[in-house]
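Protein chains in written order, with the numbering used here: chain A, 1 to 359; chain B, 1 to 359; chain C, 1 to 359; chain D, 1 to 359.
Please note: incorrect hints may appear among the correct ones.
Same chains, same names: a pair is fine if it fits in one copy or spans any two.
[Said to hold, decoys possible] Here are the simulated lysine-lysine pairs, DSSO-like style, with alpha carbons at most 30 Å apart:
| hint | residue 1 | residue 2 |
| --- | --- | --- |
| 1 | 189 | 47 |
| 2 | 146 | 315 |
| 3 | 85 | 41 |
| 4 | 189 | 146 |
| 5 | 189 | 315 |
| 6 | 316 | 146 |
| 7 | 189 | 316 |
These are computed hints drawn from the structure, not numbers from a lab.
Quantities reported herein were computed from a predicted structural model and do not represent experimental measurements.
There are 4 protein chains.
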Amino acid sequence: MNTIGFALRLTVFGSSHGPGVGSVLDGCPAGIPVTAEMVQKEVDLRKPSAGIGTARAEEDIVQVQSGLLEGRTTGAPIQFFIANKDTDSSKYQAFRVTPRPGHADYPALVKYGEDHDIRGGGQFSGRMTAPLVAAGAVARSMLVTKGIRIAAYSQAIGKVVDDKERGFPEINENHFKHPTRAADHEVAKRMEKEILSAGKEGDSVGGIVRCLVVGLPVGVGEPFFDSLDGELAKMMFAIPAVKGVEFGAGFRSAKMRGSEHNDPFIMVNGEVRTETNNAGGILGGLSDGMPVDLRVAFKPTASISKEQRTVDLSKKEDATIRVQGRHDPCIVPRAVVVVEAAAALVIADLLLRGGFFAR
Amino acid sequence: MNTIGFALRLTVFGSSHGPGVGSVLDGCPAGIPVTAEMVQKEVDLRKPSAGIGTARAEEDIVQVQSGLLEGRTTGAPIQFFIANKDTDSSKYQAFRVTPRPGHADYPALVKYGEDHDIRGGGQFSGRMTAPLVAAGAVARSMLVTKGIRIAAYSQAIGKVVDDKERGFPEINENHFKHPTRAADHEVAKRMEKEILSAGKEGDSVGGIVRCLVVGLPVGVGEPFFDSLDGELAKMMFAIPAVKGVEFGAGFRSAKMRGSEHNDPFIMVNGEVRTETNNAGGILGGLSDGMPVDLRVAFKPTASISKEQRTVDLSKKEDATIRVQGRHDPCIVPRAVVVVEAAAALVIADLLLRGGFFAR
Amino acid sequence: MNTIGFALRLTVFGSSHGPGVGSVLDGCPAGIPVTAEMVQKEVDLRKPSAGIGTARAEEDIVQVQSGLLEGRTTGAPIQFFIANKDTDSSKYQAFRVTPRPGHADYPALVKYGEDHDIRGGGQFSGRMTAPLVAAGAVARSMLVTKGIRIAAYSQAIGKVVDDKERGFPEINENHFKHPTRAADHEVAKRMEKEILSAGKEGDSVGGIVRCLVVGLPVGVGEPFFDSLDGELAKMMFAIPAVKGVEFGAGFRSAKMRGSEHNDPFIMVNGEVRTETNNAGGILGGLSDGMPVDLRVAFKPTASISKEQRTVDLSKKEDATIRVQGRHDPCIVPRAVVVVEAAAALVIADLLLRGGFFAR
Amino acid sequence: MNTIGFALRLTVFGSSHGPGVGSVLDGCPAGIPVTAEMVQKEVDLRKPSAGIGTARAEEDIVQVQSGLLEGRTTGAPIQFFIANKDTDSSKYQAFRVTPRPGHADYPALVKYGEDHDIRGGGQFSGRMTAPLVAAGAVARSMLVTKGIRIAAYSQAIGKVVDDKERGFPEINENHFKHPTRAADHEVAKRMEKEILSAGKEGDSVGGIVRCLVVGLPVGVGEPFFDSLDGELAKMMFAIPAVKGVEFGAGFRSAKMRGSEHNDPFIMVNGEVRTETNNAGGILGGLSDGMPVDLRVAFKPTASISKEQRTVDLSKKEDATIRVQGRHDPCIVPRAVVVVEAAAALVIADLLLRGGFFAR
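My request is simple: use the sequences and hints to build the entire structure.
Below is the structure:
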C-alpha cells in the first residue's frame, strides 16, 4: 500500500491530476533541524530542466502542515502537501479503452475498475515521488546528525555509460552541477545529446543511477528479512520505471570467483575496512562500515509520441495509439534526487530500529 | 527482523549449529491441501548434491508441529522444525577474532556483541533457507489452487551462461533433472565442470537464478510501496549471497529506447497479452498477465579454503585465515528451489492482500 | 505511532494549534460512495453544542485532497485536512514549567523535550479526533455496502446513568437528536443539567458511551491477537480521556456464574442467534452474529478552571495553576460520534482482512 | 493474526490437542540473561492447582530451540515449544454440530469451515497462553535490567471481592503464595471456597485480575494509536475469557468530577509524582512515572457440566448439550501469571520502540 518504513514511516497520497500530492512522515525524533527551505531545495532538484525535461511546469511549492515548529521537528508526524497547478487531463480518458504500453493503465483498470483515476496516471504517476523527496529531506537531516551523507548521479543514460570509478567526494561535489546529473562535465554533454536525440525522434531513453552512502556505522540492518539491502531494494522498486537493483559488484558477482569477490579486511588508521568493496558495504544484510554502493536501472520513459500498438479493451481487438501530453524523454536526471531521498528514508528508519537514535 | 509478509506471514528462527531451524507461516486459509510429504519433497530439493555440494550431511527431516490436520490446513499457524544433526562448531570460535571475509561475522559481532552465536554463521547461515522452503511448499499449494505455477533454474554459473531464451514449459520440465539445476543437459555438464574446477582450487563461483511465474491474474501487487516487484526484491535479498535482482529486460533496459522497451499490447485468443515481455510481467508494480520474469544474482560462496587476508579484532592488526569447515563451492544449484519458494510466499501474500482468496 | 489498522490504515497528523489537523486513509477499495458532504456531516456531529460545549469556535471545514473522484473512492489513499482557525496559544507556554494535572504535558515534555508543541496540547489534543471522524465516514460507507450499521449514545454522564436496556433501532433513531447524545429525551435533560452544573463550578464530569454494531457477519476478527475485541479496545484507548473498555456483560461478568453468563444458542427464523448477549457479540475474538455491544468509560475533562496543585519543573517545587482557555465541561457528547467512527474503522479493516471485500 | 508487538514481536502457534503449542519471540536484544529454568518457573505458575483447577495433567516442559546460548540471548529469535501430552479429543467432534455456548466453536466453524481443528478448542484454547508466558519470562528479564517489576493478583473471584487498597510490595510478596493468587491469606480462603462451590455445582465463576507495574520511566508509549494503555488493552483481550480492561479509576472515572479525578503533581524526594493515581500511571497514552494500575475482567469459564441449550447446526433446530471433559471451574488464578507476562511483553516492546534499549 502507500506506507513504507517501520520506525520512520512514510505515507504518500494524492494523484497526478487531483488537487495535489503529499506525504506524512511519522516517527522522526523531536529536535531534528528541518526548515521549509531545506525541504523546498530538495524538491526543486527534482524539477525538470529546460530542454531535457517535460514541458509541464509545476511550481511544486511544498506546504508543511504538521510536525515542525521554529525550524525543528516536534515529534509529531510531519506532513507535506504540493498542489497540482498545471494539469491537462483532456487526453487521458482515451487510455481507459486503449491502455498505453509500458504504463500501469491496463493492470490498474483491471484492479480498480472504472473508478481508477487514470488522469496523468493517477496514483501511479512519477509525480508521487515529489512528496517522497520532501520527506527525504527530513531523513537526510536525521542522517547528518550522525555524520552520514548520500550522493547519487547518472552513471548511464542510454548508450552513454560513465565507466570511471568515482568516489564519494567527487560525486558529491559534481552531481547537481549539470541538468543530466552526470558526475563529470564531459560525460554530461554526451548524456545531454543522447536525451535530446531521443526526444527529437519522439522516443525516450533509460539509464542507471548510482548512489553512495558514506559514514554509516557498522551493523545497520535488521536481517533475516529487514536487511539493509532488502529494504533499500524494496524502496527503489517503488520509484516508477525501476527494473533492476544491485549492490557492489552486483550482477558481475555471478562470474567472479570467491577469492576475487571476497573483500579482504584491513586495518586503516585503527579502523576495520575492506580493501575492495564488491559487497557494496553490506554483509549479511548489515552495513560493514564501507560505503553502501547501490545501482538502480531505469527503463526508458514509457510515454513516447511515436505511434504504438495497443488493444481496444471495449472491442477486444488490436489498435494503435499516439501518446500525447508532456513527458520527459529521460527520467533518469530527475530520478537522481529521488534515489537519494529514498535511500535516506530507508537508512534513517533502520538507524531508528537499530537503536542509533536513543533517548 | 525475522518476519516477512503481510497477510501471509513467515517467521524464521533457529541457527546453523543450535538445536535446529524452523519457521511459522501464519495467515494461510483453512482447507489448503498440504501434507508432510509435499513439504519434505521441496526441502529435499535444497539438499546438496554429491560431488558439487557441501559434505555436511543433514537429513533435514521436517517436523510439522502446528496447523495441519488430515492433509489440509486448519487456519491456525503452520509450524516447521528441522533439527540440526551434523554440526561441527569447533572451528568457528576463531572467527570471533579474525572474521571471515565475505561473511556477516564482523558486522554481526559489532551489532550483537559477544553474545552473537557465530557457530556456522548463526542466524546468518544459508541453513535458514531450509524452513523458508518448507513454508514455500504451503504457499505453492495455495498458488496451485489458483492455477499459478513457478519454475526457476540456474541460468549462469560462473562463466557458463545459458543465454538461450527458454519458456516456462521447458524450464518446468527440466530444472530439477540435473544437480546443477540447469534447464538443459549440455549446459548442465558445463556448469558442473565449472563448479568442480572452482572447488578443486579451494575456490568458489557465483551465478544467476532465473525464475518464471505463470498463471498470475492481472492486478496482483499493492503499490505505491508494496509493489509486486518491490516485495519480490525484498524477499530475494534475504537469501544469503544475493547481490542483484532484476525483472524482464532489467539492467539492459537502461540502454534501450522506449519504442523498443515498451511491450505492445496484443489480443491473443480474446485475452490481453503483450508481444514482448521486457516488463517482466509487471507494470506499475502490478502483474500484467504475462509471466513474471525475475533474475537473481548470487555472489560466489564466501567460504573458501584458500588463505585470505583479514584483521585480528583483538590486536587491531592485519591477519590471515584459512576457512575450514564444509561448504558448497557454488550455492546456486541449491538456491534454485529457495528462489521458487521465496517467490511463492510473496505472491501468495499479495493474492491474499488483493482479495483473491475471498470467503 | 500515528497509524492504525492493517488492511485499512488510518494515519493522523497535525496538532491543536498548528496549521491544522488531518488524516490519510489507505486501503479503501475503489468504488465506495463517498462525498465531501457525507464526510462533513459526520465531522459536524463532533462540534461542541452551544451551552454545554467549549467556546472555541472552529468551523472544521474538511478538505478532501486525494482519493475521491465523482463521489466515489478511486482506490488511492483518501486524505482529509481541517485547518485550525480559532487558536489562542498565549496561555500554553506556562505549562512547560507547570504541567496541567490530568494532561499529557508532563510525560510529553519528558519524551519529546523542549521541542514538544505544547500549544493546545499539541498532538495529544482531542482535536486529533476530528480527522478520525472524517475517515470514519468512509469506513461507515464501506460498512453500509455490507448492511452493517453503528450507533452509539451517552449512557452515563457524571451521576446520571441511563440504565434502561435499549436496542439498536431506538438508539439509532434518537442519539443525535439531543446535544448530550442521550438516547432519551428525559435522560437528556438530566444529563444537560449535570454538565451545566459542573461547568458553572469550573469543574467537569465524565461519562460512558455505549456503542452497538449490527449486521456484522459471523467470523469477523483475526485472533489470536488481532481479535475483534482487542482491535476495538486498542482503537478506543486512542481517544483522549478513555479509561476503560468492556464488551457485553463486561466487568459484571466477574461476578457471574458460567450457567448465567453463557449465552444459549437458539434458532430464530432459521438463523443462529443467542438468547442473551453477555458476550457482547464476540466469542473467541470473532463476531458471533449478535450485535457488538461496547462500553467506553471517559474520565472528566482534565482542563478545569478551579485552582489545582502541580509542580514547577524548573524549581523542582510544588506549585498551583489555574487552567484557562476554552474547554468542554464534559467531552462525552462530542465523543459519541468519535466512538462510532473508531468502531467503523476497526470493523471495516477486519472485514477487508477477512476477505469480505473480495474481488 | 498470531503475531503481536512491533519491535519485540511474539508469534504463537499450535493448538490444544495437536502436537503442542509454542511461540517465537523476535527482537530481544542480545545479552539478556535468560535460562530454561527461568522460563520453566514462570510457565509452572500457570499450571492448575490441585483441587481448584482442571484434572488435565500437562507437564508443560518448555523446550527452547533457538535464541539462547550459555544463559543469554543471542539476538536471534527465541523459540519455545511445549508438547501436548495429556489430550483426550474423543468428546469434541460433537461440538461441530452442537457448538458450546460461550466458546468460539460456532464462529470458528463459520470462519474456517470443516477444517477448523475443534479438538480442545483448537487455536482458541486457553492453552495458547502457555507459550505466551514462556515468552513473557524473556520480557520480564529485559524489564529487570531497567528496574521495572510487575505483579498481579486475583482481586475478585465471583462474589468475593478484595476491596483493600494494596501497594506493589504487598502484592509482590504474597500473590503466588496461594493457589487462588489472592494477595491475602484470609481472602484466599474465601476465594477458594467460591471456586469449589461453583465446581461442585458443575458451574464456574469469573473474576478480576489487578496488575501493577512499577519502575517504569516517564514517556513510555507511542501515541496517538500505539499508546501504553491501548497496547496493553489489545494484548489483554487476546487472553481468552477477558471481557473488560480499565486503568486507574477506570469505569469509576465516569462518575467523578475533574477536580476529584485529576491527580495533583507533587515533588517527592526531588522526583515528580502524583498524589493519587486515578490515571493508573498513564497520561495521554504515556507512562507518567506512577505505577501502571490495570484491571482485567474475566468471565466465568465457558465449559460447565450443567446441561445447556444450544443449536444443532445440521438440523437447524434447538438442542441441548452437556460439556464433558476436564476444565477449570475458575480460570482467574491461572490467568494471574498470564496477565503479568502479557504486560511484560507490551512494556518491553514499547521500551524498545522508545529507544530505552539503545546501542
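Here is how each hint holds up against the structure:
When the C-alpha separation of residue 189 and residue 47 is checked against a cutoff of 30 Å, the pair qualifies only within one copy, where the shortest distance is 19 Å, while the shortest distance between copies is 53 Å. In the homo-oligomer, the alpha carbons of residue 146 and residue 315 lie at most 30 Å apart only across protomers (28 Å), although the nearest pairing inside one protomer, at 59 Å, exceeds that limit. Proximity of residue 85 and residue 41 under a CA criterion of 30 Å is satisfied in both settings, with 19 Å inside one chain copy and 29 Å between copies. In this assembly of identical chains, the alpha carbons of residue 189 and residue 146 never lie at most 30 Å apart, being 36 Å within a copy and 52 Å across copies at closest.
For a Cα distance limit of 30 Å, the shortest separation of residue 189 from residue 315 qualifies neither inside one copy, at 47 Å, nor across copies, at 50 Å. Proximity of residue 316 to residue 146 under the C-alpha cut-off of 30 Å is restricted to the inter-copy arrangement: shortest distance 24 Å between copies versus 57 Å within a copy. In this assembly of identical chains, the alpha carbons of residue 189 and residue 316 never lie at most 30 Å apart, being 46 Å within a copy and 47 Å across copies at closest.
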